[in-house]
Amino acid sequence: MLNGAEKQDSSSEGDALWDAFESEAMPHAPGLFRVALWLTRDHTTAEDLLQETLTEALSSFHRFAPGTNCRAWLVSIMYHRHSKRRWESRRLHLVSDAEERIAETIPFEPPTPQNVTDEEVLSALDRLPRAFQEVVILADIEELSYKEIAAATKVPLGTVMSRISRGRKLLRSQLAEYARAHGFERFSRARVKAVEEGE
Amino acid sequence: MKIVHMECEQVRQLADSYLSDELIVETNHQIISHLEHCADCRRELAARRELRTRLREAFTNASENQIRPEFLSRLSEQLRDQALGRRIDSARSADGLRLFHGQRRIALLALAACLVLAIGIALIIVWQRTSLFTHPGPQEIGQKGSTPDNSAPGSGVPVNLVKTELARSAVGDHRDCAIHFRLEEKPIDLEVAGHKYDPVYINLAKAVLPEGKSPLDVEVVEAHSCIFEGRRFAHIVLKYRGRLVSLLVTEGVPEVTPPTTSQSQVIACSQFDGYQVSCFQTARHAIFVVSDLPEGENLGLARAVAPSVYAHITRIESGV
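Same order as they appear, the protein sequences are chains A and B.
The numbers in numbering that gives the first Met the number 0 rise by one with no breaks, and the one at position 53 of the first sequence is 52.
The numbers in numbering that gives the first Met the number 0 rise by one with no breaks, and the one at position 174 of the second sequence is 173.
Since the hints were derived computationally from the structure, they do not count as laboratory data.
A couple of the hints might just be wrong.
[As the list claims (entries may be wrong)] Label pairs and their computed distance ranges (CB to CB):
hint : chain 1 : residue 1 : chain 2 : residue 2 : range
1    : A       : Lys168    : B       : Glu56     : 39 to 49 Å
2    : B       : Ala111    : A       : Asp125    : 22 to 32 Å
3    : A       : Ala19     : B       : Val115    : 32 to 42 Å
4    : A       : Thr116    : B       : Pro306    : 56 to 66 Å
5    : A       : Glu176    : B       : Gln270    : 52 to 62 Å
6    : B       : Leu116    : A       : Lys168    : 24 to 34 Å
[Said to hold, decoys possible] Which bits of chain A does chain B cover? Going by a derived footprint, with three or more residues having C-beta under 8 Å, they are:
hint : stretch
7    : 64 to 70
8    : 167 to 176
In this text, all values refer to a predicted model and were calculated from it rather than measured experimentally.
Even for Gly, the Cβ is constructed at its ideal location relative to N, Cα and C.
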């Protein structure tokens, strides 16, 4: 039988593990869910993936180095789990040559548009090729470093950097195009209204 | 430190990495120095920063991207139990007691049930194989839709093939690869495997469904080469009547079985682990069609694709 002191020790071990995990890892759950949702495109599957990820993270939490980026560590585990569930070659959309060419043939980079709406930004993100979406989401939304993205996605660092650069550029170009078209419409409507009001 | 001045174009190329703090100190200084006297670039950087913030907020706050609070709460509780469960288990282990945490108990019960099931299946398989090879009869080797010619031993029907470890491996590959995606080794492209391992893999997918001559309403879902328990297969995953069907080709056939030579001799059927297996063979290859379709449909599909597959493989085997 365990004596009282041993019971207390193991109890405080479990409590300490949970306290550390709760404060370090659990705050990242909403962000991880977004990544899971992007990976799986399905709410139920994303919840399953998040559950697997956090369960695995808890059981190997002793390997997490305090002071390093816990979110990046968790995203790595999630990608590993996802890869095990569905081989990347089957489920992830590979960047086709055509998509690479699209990003290559942006003629010039217009100034970044301002005053765009949330819907416009999300719509532009949605239109990016999937491999570019991935790195833009991980870098600019989930705030992982280039190296952390390369480690999590198992994509060479140079490719990650190239995709991030192209993805951001394509995003801005799409928004600029949208702003030009809709800006003109807004201007026209405003002008008609002004004329009608006799200004 | 001497600062090399940058042009606007260079600054704009590096602006995103600058905002992400991914540049080395010297480059950061060069950009800062440029920004001090370039209002246009300052505006551009501010706009990019603003866009990034907008993107982050829009994506993070989008209603469809929100985690369900009740799910998060339940998950949190479960993880907490896991953390404390580990403590309880280790304490009990130290105590020499056999008490289990609820989930662990269920897992162990499931494991025990699986073991009993596995032992049962193994006994059945041993019994089947013993009785088959000593007293092969139509009920054991044939199937409802096959003609007597198809199932008669010695007529070219792959009697032995259908009951071999090869067939068992084919079923395992269908189950673990096509259905559950859980092979240990990642599959590789079929054409690449064809050049590397076995030339019959090259253009095999086209042979399964020759252009314009699709035998039934069959669709090729995927074509790759994968390994199950050390054996390499060409694996064509088909979709037929809403079910996944595997056509698997592997090198090596039992020596005692003469190759089939025509469509009428193509098929022997069996069932392993709930999957239907139809098979035929060439001089050096065994070909399996595996699915959970009813027997007749699996056999019908195998018969439909067999002629072109057989012709393709034998042509390459004979070096034509």
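For each hint, the structure was consulted:
1. For Lys168 of chain A and Glu56 of chain B, the Cβ-Cβ distance of about 21 Å falls outside the hinted range of 39 to 49 Å, so the restraint is violated.
2. Between Ala111 of chain B and Asp125 of chain A the beta carbons are some 49 Å apart, a value that contradicts the proposed interval 22 to 32 Å.
3. At about 40 Å, the beta-carbon gap between Ala19 of chain A and Val115 of chain B stays in the expected band of 32 to 42 Å.
4. The hinted range of 56 to 66 Å is satisfied by Thr116 of chain A and Pro306 of chain B, whose Cβ atoms lie roughly 60 Å apart.
5. The beta-carbon spacing between Glu176 of chain A and Gln270 of chain B, approximately 59 Å, falls within the hinted interval of 52 to 62 Å.
6. The hinted range of 24 to 34 Å is not satisfied by Leu116 of chain B and Lys168 of chain A, whose Cβ atoms lie roughly 57 Å apart.
7. Closer than 8 Å: that is the beta-carbon criterion, and the stretch 64 to 70 of chain A has 0 residues meeting it against chain B, so the requirement of 3 is violated.
8. Three residues within the 8 Å Cβ limit are the bar, and the stretch 167 to 176 of chain A against chain B gives 4, so the coverage statement holds.
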